[in-house]
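All chains, please: the whole structure from these sequences, using the hints.
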Amino acid sequence: MDAAVAEKPARFETVMTPAEPAIMKERKPKIVTEGVTVHYGDKQAIYPLDIKIPDRAVSAFIGPSGCGKSTFLRCINRMNDTIPTARVGGRITIDGEDIYDPALDVVQLRARVGMVFQKPNPFPKSIFDNIAYGPRIHGFARNRTDLEEIVVNSLKRAGLFEEVKDRLESPGTGLSGGQQQRLCIARAIAVNPDVILMDEPCSALDPIATARIEELIDELRENYCIVIVTHSMQQAARVSQLTAFFHLGTLVEVGDTEAMFTNPQERRTQDYIMGRFG
Amino acid sequence: MADITADPARTRARAWNSDEARARTRKRYAAERRFRMYGIAALCFATAFLVILFTTIIGTGWTAFLQSKFLLNVTFAEDVIAPDGKRDEQTLRLANWDKIARTALYQVIGANEADRKERKDANELLSRGIDVQLRDMVLASPDLIGQTKPVWLLAQGNVDALLKGAIDRDIPEDRRQLNNRQLAWVDAAVDKGILAKKFNTGLFTFGASSQPETAGLLVAIVGSFFMMLTVALLAVPIGVAAAIYLEEFAPKNRWTDLIEVNINNLAAVPSIVFGLLGLAVFISFMGLPRSASLVGGLVLTLMTLPTVIIASRAALTAVPPSIREGALGVGASKMQAVFHHVLPLALPGIMTGTILGLVQALGETAPLLMIGLVAFVVDVPSTPLEPATALPVQIYMWASSAERGFVERTAGATIVLLGFLFIMNALAVFLRRRFERRW
Ligand SMILES: Nc1ncnc2c1ncn2[C@@H]1O[C@H](COP(=O)(O)OP(=O)(O)O)[C@@H](O)[C@H]1O
Ligand SMILES: [Mg+2]
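Protein sequence lines, in the order shown, are assigned to chains H and A. Read the first sequence against the working numbering and you will find it ends at 278, with the numbers running on by one and no gaps. Read the second sequence against the working numbering and you will find it ends at 439, with the numbers running on by one and no gaps.
The hints are simulated quantities; they were obtained by calculation from the structure and are not laboratory data.
Once the Cα atoms are required to be at most 25 angstroms apart in a straight line, the calculated BS3-like pairs of lysine-lysine come out as:
#1 A:K192 - A:K99
#2 A:K334 - H:K125
#3 A:K192 - A:K120
#4 H:K125 - H:K165
#5 H:K119 - H:K165
#6 H:K119 - A:K334
#7 H:K43 - A:K252
#8 H:K52 - H:K28
#9 A:K252 - A:K334
Stretch-level coverage of chain H by chain A, calculated; a stretch enters the list once three of its residues show a Cβ under 8 angstroms from a Cβ in chain A:
#10 75-87
#11 133-139
#12 177-188
Using N, Cα and C, we set each Cβ at its ideal position, and we do this for glycine too.
The following block contains the structure:
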């Protein structure tokens with residue numbers, strides 16, 4: 001862990017999760033973090049943070065803007081490595097494997113931990129090439145038929161196939177916002193990940209497209225460990241099984257979604273959920 | 001609150017339909033109209049200068065594309081060219097070509113060959129370059145020997161000037177470049193149709209010459225071409241690679257900041273300084289030949305590099321970061337993200353910037369003067385190591401000659417240079433359109 005972090009007295013109350021969330025009894029933990037901290041230069045964005053995220057379930061990160069949800073999410077696929085000023089401390093394991101182990105290949109990790117961003121960001125290429133790109137660079141397909149199969153399957157899983165099957169060669173950027181976001185999900189699925197991270201995937205979409213994505217997330221839960229950052233409490237309540245509430249760079253409370261929304265343990269969680277700040 | 005509603009002046013000021021409000025709207029519209037007028041005025045001003053520039057250059061220079069030539073029935077007499085029957089190159093090079101041409105000229109203008117003075121006057125009508133023209137014809141096809149053939153032969157510079165109206169017939173004979181007898185011959189020849197202005201191919205096929213009618217741009221064009229080739233082969237890959245490294249891979253620290261500041265400073269260094277640098281490094285230190293277009297190309301490369309780097313970096317920065325994240329997110333390595341996604345999107349910008357850098361280099365004169373590209377080069381260079389000149393330098397050299405033929409050639413060469421610049425700019429626009437992709 002960083003020296004800077006170690007020196008710092010823990011001025012925020014440590015999280016006392018009274019009981020293990022019920023979902024953790026049904027699923028094995030996929031991602032486990034211990035004392036994760038993030039600094040941007042001298043500024044600390046995440047204070048020592050421990051959380052267990054279940055496999056084959058949707059976990060939602062909620063909290064007011066600027067509280068470090070995205071920052072923490074980006075630790076899980078080491079996207080923070082691309083920010084020169086960012087420093088990550090602590091330990092994150094996926095299936096027991098330390099992802100900050102110097103021997104680990106970051107590039108492979110990012111394929112195994114897919115990411116969907118706030119603003120849909122399809123490549124300025126055809127729909128087909130958008131999805132085929134990942135499998136191509138990883139050498140997943142032995143021939144064109146293989147590749148086509150991967151593309152079609154990914155599109156089907158992302159619930160986009162029916163809408164675009166006649167225009168796979170037209171540009172991905174020509175789709176509507178919601179379709180573009182599903183294309184990005186298909187693109188992530190195509191490289192066969194275990195985990196899919198979504199950073200406010202619906203914040204740029206209209207309610208109908210949002211509903212479509214939420215449905216999709218619910219379907220994907222069967223096969224993937226999904227972590228979604230959202231500023232909409234309703235969305236967290238609708239799609240997730242586990243909810244984690246962040247505030248000022250700390251994890252205030254984590255628990256089963258139902259329990260969190262009906263009976264939050266912490267005062268700050270309660271205030272936030274009741275809409276008293278944020 | 002009560003005050004505001006009570007004060008009628010305030011109420012009026014805040015109402016949308018008061019006179020004051022309407023006056024404010026009018027004022028805003030007037031300000032906008034005025035601003036648009038300034039814009040249009042500035043545009044007119046700029047356009048006027050462009051028009052003046054082009055009309056003067058084209059007005060002076062278009063005649064350089066025409067050159068007066070005599071149509072002579074030349075007899076390639078064997079006894080003059082190769083009296084001993086030999087056809088080897090040595091014999092042909094030494095043959096008395098002037099005599100062949102002059103004989104044909106005397107006949108057609110009716111000059112008395114026996115009169116020494118009259119012969120001299122007649123000889124002055126033909127360019128001194130005709131021997132080369134005839135020799136090259138025969139060298140190319142030796143069968144001509146023994147035949148008689150009509151040939152367009154270059155007239156002397158003064159004849160050309162007269163035909164282009166640059167010589168005043170009314171000034172006294174002793175101060176005129178052509179005497180009365182020569183004037184009469186020229187007029188008769190024009191009437192007969194054997195002296196006329198033809199397209200000046202020589203402008204593009206001759207090298208340097210002290211006679212305007214045999215001075216051309218070929219050496220300069222070839223030299224400039226070699227230099228552009230050197231710049232394109234060196235500045236583009238080095239510049240783009242440097243830009244990619246600095247923008248995408250380099251750590252942001254004091255060293256890269258320093259490098260960045262220095263690149264920006266280099267772009268502002270006066271070009272003549274690059275000439276001095278080239279003289280010291282490439283010629284004095286590395287021992288490369290003076291006047292060689294390779295050295296010119298190297299100097300121009302140094303000068304163009306900052307431009308290419310800055311333009312390429314700007315194009316790379318303009319690619320939205322979300323594209324990089326998307327690529328990294330599916331497990332592309334940093335290099336794959338850059339080469340598969342960022343670079344293709346930045347390419348139109350990079351190409352435009354690069355071509356503009358090349359255009360700048362093509363028009364550059366000062367540094368080339370420092371490294372001896374200002375030489376009098378007659379023979380066309382076949383490699384970048386041979387002496388050459390460059391288009392703008394050729395313009396500079398011709399501009400310092402007073403003769404009428406060189407004045408029009410200066411403007412003519414300017415037109416040619418502007419033509420090349422125009423073509424390159426058009427290419428930049430075309431490439432940008434062609435490769436531009438939306439995201
Ligand atoms: N690249 C960065 N450089 C410096 N500070 C950053 C950077 N990204 C985020 N931060 C800071 O870290 C804190 C957490 O940001 P973020 O994780 O984006 O919050 P959230 O996603 O919860 O809105 C904020 O105070 C933000 O200003
Ligand atoms: Mg965020």
